[in-house]
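Colleague: Last residue of the sequence shown: number 556 in the working numbering, and the count goes up by one each step with no gaps.
Calculated from the structure, these hints are not laboratory results. Do not rely on the hints blindly, as some may be mistaken.
Estimated spans, in silico, between C-beta atoms of each pair [as the list claims (entries may be wrong)]: (1) Leu-553 - Gly-368: 36 to 42 Å; (2) Leu-553 - Glu-189: 50 to 56 Å; (3) Leu-553 - Glu-429: 50 to 56 Å; (4) Val-105 - Glu-436: 46 to 52 Å; (5) Thr-367 - Asp-107: 23 to 29 Å; (6) Pro-308 - Arg-207: 19 to 25 Å; (7) Ala-477 - Asp-508: 23 to 29 Å; (8) Ser-43 - Ala-5: 51 to 57 Å; (9) Arg-66 - Arg-476: 51 to 57 Å; (10) Glu-185 - Arg-491: 30 to 36 Å.
Simulated crosslink set (SDA-like; lysine to any residue; CA at most 20 Å straight-line) [to be verified]: (11) Lys-546 - Gly-509; (12) Lys-546 - Thr-512; (13) Lys-546 - Arg-492; (14) Lys-546 - Arg-494.
Glycine residues also receive a C-beta, built at the ideal position from the N, C-alpha and C atoms.
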Amino acid sequence: MRLRALLDTGTLGLRLLGGEEELDRTVRGVMTTDLRDPSRYLSGGELVLTGLAWRREPADSERFVRILAAAGVAGLAAGEAELGAVPEDLVVACARHRLPLFSVVEDVSFASITEYVVRQVSGERAGDLAAVVDRHRRLMTSGPAGGGPEAVLELLGSDLDLRAWVLSPTGRQIAGSTLAGSGPELPAETGARLAGEHLAASRTGRRGPYRLPLGSTTYSLFPIRGNGRDLRETVLSDWLLAVEADAGDWAEERLDLLHGVTQLIAVERDRRDAARTVRRRLAQEVLELVQTGAAPAEIAARLRVAAPVLLPGLGTAPHWQVVVARVEWTGGDVPGGPVAQTLLEEVLVDPGTFGPDPSDRIAVAHTGDEAVALVPLPAVPDDDARDGRSTAGLQADALLAAVQEPLTRGLGDDGRLTIGVSASVHSAEGLRGALEEARHARRVAAARPGRVCAAGHEELASHVLLLPFVPDDVRRAFTARLLDPLRDYDRRHRAELIPTLEAFLDCDGSWTRCATRLHLHVNTLRYRVGRIEQLTGRDLARLEDKLDFFLALRMS
């Protein structure tokens, strides 16, 4: 389509501010951005929509327009909602670079313009498939009652015979044609595999769609991109469109149509992300009060405001749990806080639930490279509890069970995610302690190997808490002194002194239980233990020596 056609559509609310002689430029796509440098996401021919949030001073306009012109975009449309009238410096910069400039009236959303352009461009390229895109557009704009990603995917099935799913970065199903009962739902393990492949391919810079054969089925994965200056800012939060088909055999027209569908879904994603603003603001307010040592009464007042938003219809005040996450990238050039924030909003959702709505009951704030989640836990009756009520809390290991594999692939060789989980608290007085507890648990997780690690409050009362903080050189010296003689002996004589030592300690020094576990005669066990004592100069009847061996095995 031509730029001129946009002016002929009165419902779009576009007004030409400059570049009339360039209106015959061809529009090949649309992009919404407020980045100061969106060049890596531009391929040429786009109509760029911006709310001008990147403009902090008049000189910014020249830099921004110069980047767009170099990328070969078709035109620029600036919204009036943020600053009112479009600044004169932007008009001048566009005229200098011969870039057509439009203003967008406040009551017309960028989503409406995006959907119109996608419909027109896809219609011109896909011929008789234009009717499908049109139906998608109508459903996407008809609100929750009749639209959304689910309706788009149902139409892909009915009109193009394609089964498809929208997945989160952890593989959880956001939407799918199967939700309407058109076939078996996508297994959770398959979703995790697809998400892992998507994240790994994105990190290596491969262009979508990515194709992944699983058994007799081939899936094609289409990225649903966010607006990040660096790929690491969005790769762990972007959705993906998984299609049960091999896109390698598709005509260009069908590929264009599917890319258009991802743009429609991206609009819906942005719309739903905007709905999280209130919850994030509440979490930020509570976090700031807790960190600055505000009075419990003031924190409690904020919690009373947060509870109805996070748990609508709850009659009593909930218990709360604090979860702290940190994302760190090698070099430290990418802020980890926003990435950790969107990750926590996903990780804290039950992986077995469908849709984006379950995250609506989680409030996450971020500061620096750290994100903090305030998770409400409704109190439930429990006859065994002293006060008649108990809470079902989050467990660190369970949080990682379904997400560790795909997120590890997305973090690649230069990223790391660590999570700490507090115990539940029932009042504002306990919230500060819960925050510190979660931060301590996260530091325990950070001391462990692996790209994705978590630790819970229960580990803070164990000796395990101390082991990760022993310096590496001290670890090596300590374990070598006690265990190297046994390892050398095992290697030379094909003995099993190390496994015998582990079993003996695990059985609390019981000769009978240990011999039974190892399927040995007690005399054989006594011979092995005697050999261990001879080689190391230690006495396994002494508590101190037992403890040293126990710690050496744990640290090795």
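Colleague: Decide, hint by hint, whether the structure agrees.
Modeller: Outcome of the hint check:
Under the hint 36 to 42 Å, the C-beta atoms of Leu-553 and Gly-368, about 37 Å apart, fit the expected range. For Leu-553 and Glu-189, the Cβ-Cβ distance of about 34 Å falls outside the hinted range of 50 to 56 Å, so the restraint is violated. Our hint of 50 to 56 Å for Leu-553 and Glu-429 is violated, since their Cβ atoms are close to 41 Å apart. Our hint of 46 to 52 Å for Val-105 and Glu-436 holds, since their Cβ atoms are close to 50 Å apart.
Checking the proposed 23 to 29 Å range against Thr-367 and Asp-107 shows it is violated: the Cβ atoms sit about 35 Å from each other. The hint said 19 to 25 Å for the Cβ distance between Pro-308 and Arg-207, and at roughly 46 Å that hint is violated. A hinted range of 23 to 29 Å holds for the C-beta pair Ala-477 and Asp-508, which are about 28 Å apart. Here the CB-CB span from Ser-43 to Ala-5 is close to 21 Å, at odds with the stated 51 to 57 Å.
Checked against the hint of 51 to 57 Å, the pair Arg-66 and Arg-476 passes, with Cβ atoms roughly 55 Å apart. In this structure the supplied range 30 to 36 Å is violated for Glu-185 paired with Arg-491, their Cβ-Cβ distance being about 52 Å. For the hint linking Lys-546 to Gly-509, the alpha-carbon distance of about 9 Å falls within 20 Å, and the restraint holds. Restraint check for Lys-546 and Thr-512: the C-alpha separation of about 18 Å stays at or below 20 Å, so the hint holds.
Our distance criterion of 20 Å between C-alpha atoms is broken by Lys-546 and Arg-492, whose separation comes to about 25 Å. About 24 Å separates the Cα atoms of Lys-546 and Arg-494, which puts this hinted pair outside 20 Å; it is violated.
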